[in-house]
Amino acid sequence: MTNSRALDVVIVEDEPHLAELHREYIEQHFHLRVVGIATTLEEARTLISRHRPRLVLLDNYLPDGQGVELIDSPLLKSFECSVIFITAASDMQTCSHAMRSGAFDYLIKPVFFQRLRASLERFMLLVNAMRQVKVVDQHALDRLFNLPTGDVPPTPSTKGIESNTLERIQRFFTDNPENNWSVEEVVENVGISKTTGRRYLEYCVEVGFIRVEMLYGNIGHPRRLYRKAAAE
Amino acid sequence: MKRRLPFQVKLFLSLVAFSCLLLILLGAILFHFIDRQLHHDLGQRARVQASEIALMPGLAEKIAARDIAGIARLIQPLRAQSDASYIVIGDVNEQHLYHSESPERLNLPMIGGDNAEVLQGKTIISVRKGGIGVSLRSKSPVFDADHQVIGIVSVGYLTSYIANINARILWQAGLYGIALLLLLFLFSWMFTRNLKKQMFRLEPKDIALLVRQQKALLEAMYEGVFAVNGERQLILINRAARELLDIHQSEKDLIGKPLENVLQTSPDFFSQPPASKSSDRHDHIAVLNQRQVIVNRVAIELEPGIESGWVFSFRDKNDINTLSSQLSQVKRYADNLRIMRHEQLNWTATLVGLLQMQHYDEAIRYIQAQSEGAQKVLDFVSAHFASPALCGLLLGKYVSAREKGIELQFDPACQLTRPPAMLSETELMSVIGNLLDNAVDATLKAANSAAPVELYISDRNQELLIEVADQGCGVDDAAKPHLFTQGFSSKPENGDDIIGSEHGIGLYLAAGYISKAGGSIEITNNIPQGTIFSVFIPYTHSSSTGLKHDKLPGA
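So the sequences go chain by chain: C and P. Residue numbers 1 to 232, in the numbering used here, belong to the letters of the first sequence in order. Residue numbers 1 to 555, in the numbering used here, belong to the letters of the second sequence in order.
One or more of the hints may lead you astray.
Computed list of lysine-lysine pairs in DSSO-like fashion (alpha-carbon distance at most 30 Å, straight line) [unchecked claim]:
#1 C:K159 with P:K376
#2 P:K317 with P:K445
#3 C:K77 with P:K376
#4 P:K10 with P:K252
#5 C:K77 with C:K159
#6 P:K480 with P:K516
#7 P:K10 with C:K109
#8 P:K480 with P:K404
#9 C:K159 with P:K404
#10 P:K252 with P:K331
#11 P:K196 with P:K215
#12 P:K404 with P:K376
#13 P:K331 with P:K215
#14 P:K317 with P:K331
#15 P:K331 with P:K404
#16 P:K376 with C:K109
#17 P:K331 with C:K109
#18 P:K205 with P:K10
Worth flagging that the hints you see were computed from the coordinates, not collected in a lab.
Excised from the complex, chain P in its bound form (with noise of 0.2 Å):
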């Protein structure tokens, strides 16, 4: 394949070549001007000394008398200051009477065939070929007292001469040309590189590359990117930034506003950070668009020194703290499986001894102990729960309490076979879930986080009762009646929280499911702490059961 020329080397060459082409052409144009004026000018010039010398006095009657040798004498001082090529007289027969540069041809016939207006009195400019060659030339007629033409008088300039001027003017701008050319190639070739330099000699297939990369590259980041130049418009932002800050006009859009008209922001945010000596900031926390950020700014600097603007970047802080939560868990877990690793050993170590001193039974009994508990929930849980997915969530609570150092304790008289109709089988877990997750934490946050949580479900009677108690940090009896409503939290609400904005949803979900059952839910105080939460959702919707519900008690 043949290697395509460079861009500086090919913006020279048409350069250049296109000066040149427009070089040729204004000078053909002006080469063709130039010799028509000059075929003018001369035309004219030998009509003038053709018209005096007709005039002069004395000539008309040299002529008549045809004194040959007096009309040369007349002549020949004008012919010597003349710059014409030849002077030539004849008479009405058109017979030389007198020719400057060839005396030979006197009384011979003058050659050319343009002598019939003038013998008519006319004076005339044409081009001829002559005596001694081609040349233009004026006649005039020489008339005498009477008005009769009796001579003609011809003065030509010989092509030959024309052609000479020519050449020498040619000559000339031919020179210009070329120091022309030599300067336009020196311009050109400044021009070229100078262009390249500040493409950062690149060529433009790769700027065009460039630009599409860097497009791409910034639609690809997670992170938020924009800039602003030093008016603070902004001139860059990419999808990221768009959807974290919540902005839905297009980029096109945004692009040249003010960046305080896309963005609110924090009125330090773009003051100079103290104790720093390049204005670049890192990870530095900030409010964007009522959303909490960690920004760092990088100064774009056109020449060092001089900030025409920024570029920030940004992430959501709230990933960053999943992002490490994750990562102390990966460390909880490495933790663990070494425990567990050393535990695992431990055990293998008794067994092998036990198996040695062949205690066959002993050893049974410790490796029995090992899945008793852990099955013995199953088998509770399956045992006394119909529903697969009910169990499945008790025994997921069960685990996620017992990893927080918390005992979910399944009060024996436990038992659910038939869930009630007016409550589908997700809002029952989805209750159930709730009310545990709050026991769990209600716990967690208690100074005596050792308690169990206890958990009854019974369906014997009318009624499915759930009743959630534990030992923890309680409710305050004010707070009881809000406790339903929707954004309600007792949960602290700091920094660390990552599922801030989860909490408060789960008992207003619950109550709402337990209220379209037709089911109440009452709150009272464990003793010595904590929360019961009881739940009752009627089998039948209006009882039945013969219960007089309307009856006030006595006393």
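For reference, chain C alone in the conformation it holds in the complex (with noise of 0.2 Å):
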């Protein structure tokens, strides 16, 4: 079965201790193989060829380069590969290079291996699945792909909603239960910054407590008022 079979992984850090580090750990906590470390970039393309590996480790900086550019190459893009990418904090640049590029995940230095721990975990997550997909589809694909790094908020979120705030607004609301209000008159009258106002907005707008109404006036753009809705 091919279930059985370690996936194999390959570890590119030129720092030894590092490297023996994380393969201890990798081989310990999960169904992976090392089949090799790499020191080099160069080093790094020969082993990532010839052991076509199912994950790489990725460190960005290494004596003859920068890691960021073997997620960019033919090689990689070639067969079946993720990329876990690992760089200092100072390197976030690079980073948001590595992102456009997409690797499966993004690492700082100094790796903590709770954190090392949830990507690996995600990515079991991943494999898994892709295994349990027979009919390939492609927006289970995407989805796949687009796991989240964290935990998935159920919708509604309800990420940077206190239930304090909310219940003023909603009191604002039921109160004016006819009128039409602009970000800017709720936000006044609930005394809350108009930034927080429509994010709260929107969130209600999402549960269905509110509605959006468009106005629109003489000038050129409509101006967007928020309205309680009608019960259920």
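Can you join these two chains into the complex? Each is in its own frame, and there are hints to help.
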């Protein structure tokens, strides 16, 4: 069975101690097999083209170049291979580049094993899910690849929503059910900042408590007004 | 390999050889003419003498009487005065009656065989071998009273005599020739030396090489170079100059034209700089063809002190600005590195301390704090935005804002999983990127530039909502309607601004994309200061959400 075969991993890291630690951690906790450790970009290319691993742990700073070059390279695009990109906090700009190229995950050095574990768990989840999806449906695949890093919050999002503030806004609309309000008017009356106000109003629209009304004034742009939704 | 002769020697030798050949040819032709003229002249002289002798009174009688002694007496005085080689008198039977040179030939026959015509009464000129050698001679008949030929008078010049004369002429001509040749040598030598001096002692192939080299040098130069002569006509312009000044004519068309026809210069472009003894000028800022450039000027002096033109070299002022700003950036990086190294040392020292004290948990927490912030931003961005490209853009903006000391705050409720159908990913990125850039710039200009820029992106409802809030310098109410027209910019347009031309395009582009996607953009004032840009882009074009768009609000 293919399921029993450990997945191949290549570690690209020029610090041998760190690479060895990563290998140990990966092989202890996951059904993964480290097939090689590369200390230079050149070595990494050789190892990857020889073993065609399923996963590459890629450090950015290497003696002969930057690891980010590899993510873009046709070598990695030529077969199914995920990259976990590791770089220093001072090198976030490179991370932005790596993101555009679409690495599987991005870790900041010093890497914490908890964070590495989360990343690898997500990777195993992806691999297993892909094995189970018999008929590959593009939409399902897209969803798999875009698995968010953290916990996916159940909709509607409650991120940044405090019940206190929410109650105040809802009370305001309940008290004035017949009126249309602009964002400015709402935040002024409730006493919150304008930027926060938009988030709460969007939340209320999402849960169906209020709705958006458009006012087409005599100036070109329509104005957006909020109004208490009719009770179910 | 045989060493080639230097140009000067070669020119000298060929000049000399050619003139020698000319002289020799000229001499030969001249000699030929002189020789012919001499023969003709001597022939005539002989004829005149022979005819006159033949007519001498008393001669005919003496011939008829064969009075040899009488004839000799008669002719002898003439002979003494004549320059002829000989005078001979013969009778009808071609026998000598008188011979001025060899009397022993008397009564012997005349030699030459050219007497037939003379006996018929004609005077002839001929060249024949006679008794004393080859000679040019004339023979004239002597008539008696009945006009019958009774004798022959022959006056001759020996060829050896003629050759003598010729040799004398040749000798003299040769002397003149040698003098001429000497002059020629002198002239050729001076001419070639002068030529060489004018060519800076260079061989022609060196000059050709120099010319090509100079042309290549000019074309390869990154700086613009042009030169004018004393009349301010263009005599040289290189490729860089034409490109920098946006001149499309070829160099050939431009050369020789007055500079004013080619370039628009400021009026004081040629004026003498004050407080400068030479007319050279360095790093002078001028405007050429509406372009700010930094010009250097060097005079061309064919003779010391007399200016016969100038060479100008110039660079784009913007390039210099870019360069200096890059330089200051490098300096800043170097400073940053120094600070980072210092911090790193402190950090390591603390860590070592903690480990030695066996405060392991604290050590771990200490290390965690290092990567925590960055990792959180990374995780947040990649978790909340589905498009890798957008993630990259946002992270990039986050980092570049942080480098400027501004924090880009992502609203915790940010979410983007589905791009709107009417807006491509690139367009979406352009919209967000431009709004963020503007917000960061506005914040930098405000007094309180520590305030964060807030970004909220949500696709929860029927519209994609992008909201960028800054606490920067804000936008005048009067300027708001013009904010989205091309070229409008609130950013300063001073000389230090190296990206001036890019200003005023970002919002214009963004607004174009938004309206194409059927969306709208709102600008409101932030509290306590700054601006909020809110972009709404519908997911379905004309809304099918059941919202009553046409309904006007009551009250």
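Please work out if K77 of chain C and K159 of chain C have their alpha carbons no farther apart than 30 Å.
Answer violated: K77 of chain C to K159 of chain C is near 36 Å, above 30 Å.
Are the Cα positions of K331 of chain P and K404 of chain P separated by 30 Å at most?
holds, 15 Å
Has the given pair, K10 of chain P with K109 of chain C, been kept, meaning a C-alpha gap of at most 30 Å?
Distance ~79 Å between K10 of chain P and K109 of chain C Cα, so the pair is violated.
Holds or violated: K376 of chain P with K109 of chain C, Cα cutoff 30 Å?
Satisfied, since the Cα-Cα distance of roughly 12 Å is no more than 30 Å.
Proposed proximity, K215 of chain P with K196 of chain P (alpha carbon, max 30 Å):
holds, 23 Å
Compare the distance between the alpha carbons of K331 of chain P and K215 of chain P with 30 Å, and conclude whether the hinted pair is satisfied.
violated, 38 Å
Satisfaction of hint between K404 of chain P and K159 of chain C, Cα-Cα up to 30 Å
Judged against 30 Å, a Cα distance of about 29 Å means the pair holds.
Given the hint that K480 of chain P pairs with K516 of chain P, test it: the Cα-Cα distance must not exceed 30 Å.
Distance ~20 Å between K480 of chain P and K516 of chain P Cα, so the pair holds.
Going straight from one Cα to the other, do K159 of chain C and K376 of chain P come out at no more than 30 Å?
Roughly 15 Å between the alpha carbons, so the hint for K159 of chain C and K376 of chain P holds.
Given the hint that K77 of chain C pairs with K376 of chain P, does the C-alpha gap stay at or below 30 Å?
holds, 28 Å
With the threshold set at 30 Å, check whether the alpha-carbon distance from K10 of chain P to K252 of chain P stays at or below it.
With a Cα-Cα distance of about 34 Å, the restraint between K10 of chain P and K252 of chain P is violated, given a limit of 30 Å.
Does K317 of chain P pair with K331 of chain P here, judged by a C-alpha cut-off of 30 Å?
Roughly 21 Å separates the two Cα atoms, so the pair holds.
Violated hints, listed in ascending order, are 4, 5, 7, 10 and 13; each of the other numbered hints is respected by the structure.
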